[in-house]
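So the sequences go chain by chain: B, W and G. Residue numbering for the first sequence follows our numbering, beginning at 1 and increasing consecutively. Residue numbering for the second sequence follows our numbering, beginning at 1001 and increasing consecutively. Residue numbering for the third sequence follows our numbering, beginning at 2001 and increasing consecutively.
Certain hints may be false.
[What the hints assert, rightly or not] Distance condition first, Cα-Cα at most 25 Å in a straight line; then the derived DSS-like pairs of lysine-lysine: (1) B:K344 to B:K121; (2) G:K2030 to W:K1158; (3) B:K97 to B:K376; (4) W:K1158 to B:K91; (5) B:K121 to W:K1158.
Calculated directly from the structure, the hints in this document are not laboratory data. On a predicted model such as this, the values are computed, not experimentally measured, just so you know.
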Amino acid sequence: MKRAAFYACLGLALASQVHAADPGVSDTEIKIGDVSIMTGPAAFVGRGFAIGSKVAMEEINAAGGINGRKIVVVTEDDGYIPSRSFQALTKLLEVDKIFALNGTSGTANVLAMMPLITEHKLPTLVSQAPAPLVYQPVRPTVFTFGATYDNAFYAQLKYIHEKVAKPDAVYGLIRQDDDFGKDVELGFERAVKAFKLNAPLRIRFKKGTSNFAAEVAQLRKAGVSVLANGAIFAGAANILAEARKLDMPLTAAQVWSEGIPASAALLAPAGYDFLVGDYVSLVGPANDRFRELAKRFVPEGELKNISRYTYVSYIGMKALAHAMQQCGRELTRACTVEKLRQIKGLETGGLSAPVDFGNEQQLSGTAVAVYQYDAKAATFKALTGFEQY
Amino acid sequence: MRTGHMKLSPGQLIALSDSRVVWGWALAGGVALLLLPFAVSNYGLTLVVSAFVAVMGAVALNMLTGQTGLISLGQSGFLAVGAYANAILLSDYGLPVWLTLPAAGLATALVSLVVGVPSLRLKGLYLAITTLAFSFIINHAILYAEPLTHGPNGIFVKGATLFGLDLQRGMPLYYLALGLTLVTILAALNMTRTRIGRAWIAIRDHDIAARAMGIDLVRFKLLAFAVSSFFVGLAGALLSLQLRFINVDVFGLILSIEALAMIILGGLGSIAGAVLGAVFLSLLPEALRLFFGLVSDPNSTFYTNYVFEIRGIAYGVVIVAFLRFKPDGLIGMWRDIRKYWSNWPLAY
Amino acid sequence: MEFFLLLVSSGLVAGATYGLIAIGFALIYKSTGVVNFAQGELVMLTAYIGFSLSNSFGLSFLPLLLLTIPVSMAVGLLLERIFIRPMLGEPVFAIVMVTVGLAVILRGLTIIIWGSQPANFDAGIPVTVVRLGSVPFYPAQLILIAALAVVVLAAWLFLRFTRYGMAMRAVAINETAALLAGISVSRIHALAWVLSSGIAAVAGVLFAANFKLAPDLWFQGLKSFPAVILGGMDSIVGAALGGIVIGLIESLAQGYIGEGMREIAGFVVIVLVLMVRPYGLFGSRNIERV
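My request is simple: use the sequences and hints to build the entire structure.
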């Protein structure tokens, strides 16, 4: 009798083991995690990002979910601090039991989470910080969507060199003294080498700097007329404001965060028609369509937070959903990773170049388009389509 | 409960504790801590390890600030030195972890001697600001010394294995953290009972008088810096093991302020207080999370949108409220309660 | 030469900010013996108050400043009442730590109230470039430098000639003696906070007008420590000079050395200065025990 009971128990245990899918999947739900920058100075990134996940989630759920399961997004804040990202993902994995991860905060933050991601074989889409440090070396379950800052700056400098700048133009770089800044410098050097540019000056500055007067004086002394501006938000705006004060005729290439309406508004008073390179679309019919879609799911008051980070998370979530859809009812992390790897030519409705993860680096969306800001009309216009650089 | 003390020999005066009850409780606590990993989830364990790091940092800072009276706002810098030393020796030089941990402590102690030199001339806020300056400078040095520290790229901390156990996750990490924390606390307790500890307290209470009594200020101030920083470095090394990836962003200024808040909250100068304060403050965010989960409606985004700010405000309120209403800190509260029970029904 | 002049001009602008903030530190330190670690946060808070006032009333610069200063003073008084006054008689270290707590609280509150996004805030100052000789300035930058001069002069006149100013100096020299002479020390402490908040408002509004309004403005408080130390903690003129010197050093260090030197140059300087003169360049020799 006892023995029978034991075997019954064992059998039950085994059966439930077979039946239990990976964490985060129940009969009705799939939990997707999102570690985002919801607080601190970079909070607008997370706010924009959250809308993209929400729109994608609602859109998918309204259409019946993923093989009958609804998507649930669990967001954890990390305030852009790597040690907190680690804590946040630990919580998502241990307490919320997420199935996959769509939001990954900044580069250092993804790297801080990387040990956990590989340990749990967590299907992960990195679309916010597509830096080489993330996909080199490639981690089997990590998929990266987006171009590097390197690509974005190369693209802009190429356009400037070919279409805008005079032959005797002097190129200068100003960049942050962290991994992000290094990536910007990479693109700058690549352009300098490829087009044999006259580039006498590269300046590093400390993160959080607000007064750039000395740097801009250095730029002016070197006679810089094309500036690769690797500062962001108030910093980028202060650099352009100083340049205007010194009456410098500048063509300025910017980081894609300056494509966000709020930061473009900060740069506007300087009056420069600056450039931005980005791997998602900033203006066009695709963006108008997305806005219409968002109106159905997002409260009116939050529409103003829509930014490039919204499109990025929307695309990431759609790619994840596509892969999970392919797996059918027997949804596992391994299957999702396998199907992600097979994604080829997944359309994003024109928000970016189509998604393709079938390469060694599991990297897609590296095509960059260059946009120009019209300071008077406060709008962007596309200068090029999405191209590989 | 015991109410009075009667010491008959010098040995009794310097004993860790002559109370059987205290030893009993300490033993029970130790057993409970040993068994803890079997009772809580992995996430809970992560939180506890973070609390251990905080306890080490707070106990170490207490030696410097609470006992010697040298205010330091540079804890985050020392923590960074320890973490980086451990990470570099472990990942880049492939040294075994039993060597890198003490080495990280020693490296931090060495750096602290440089910071300690101005302390020979400066007191109070001038010293606080100098240590603050040093933490900025250390941060800058780490960022720009790329060949050694990998600069902005940060370091993956890997390869910490001992007897085939991976010391960077789960139970092995927990027991390592527990061990290091106990060592730190014991060292602090023992230090207090020796000539060194008494010299520190004398310096805190009046440095000129201390000097007149024959205490070598140079030696003991520097010693306070070195010993305190050794343990902060150890805490940093432990932190780097837990996080498995570190870069300069991990070591923000807020850590220095948190460390000060911990020892104030616990009761300045008391080792038990430092432990209590550290545990309390490092678990405060979780408590806040639970609290907001209970009181606010689930659809409200207020907490998720402002979690960092709310946490900050909570730290601030705790500091202000304790200084105002309970300057002796948690340990003072504990003493009051004890006194209340032993004197009852006579108030005080 | 032009490069040098540009660096000097930008150093003056940065230094004027440090100077204004350092005077705020010095006023409170002088009369209460407390280093107010929340000074940077006061600057941030008052800048945001100015921003809100400007948004709701659409004032031009002078009226805006004349409105922001009293409002900020009231806020300063309120903060002193709630946080500092109850600590009267406690050890200085405890009060200093209360200001640290206050700083963290103000930082959180500001972001909860105004959000974390940077904003344009011109404070009603025109943005046409003005040239002094060959060196260009924004009007807001010139106003910043002028404000430092005005504040130093006003503070000097106040401390030298007015009844309250003299009472303040008396408290600074010896609190107990001042108390015996019939001066209400607690009122002087409140006054120090009020004045310091008013100066913070000038610094905050002008800094934001020059460098955008963002929640990391509080960091300017920490960056002003070198100026405070150099000026010797308790001297108004010293604080202003310290600010200018640090601003110039930072600007020149960045211009001629680079490598992010500006952000730490000030701190390197004070470490060196304190090694030689532990009481700053202009400070009085006796150092308070904390």
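So, going through the hints one by one against the coordinates:
no., hint, result
1, B:K344 to B:K121, "22 Å, holds"
2, G:K2030 to W:K1158, "52 Å, violated"
3, B:K97 to B:K376, "49 Å, violated"
4, W:K1158 to B:K91, "22 Å, holds"
5, B:K121 to W:K1158, "18 Å, holds"
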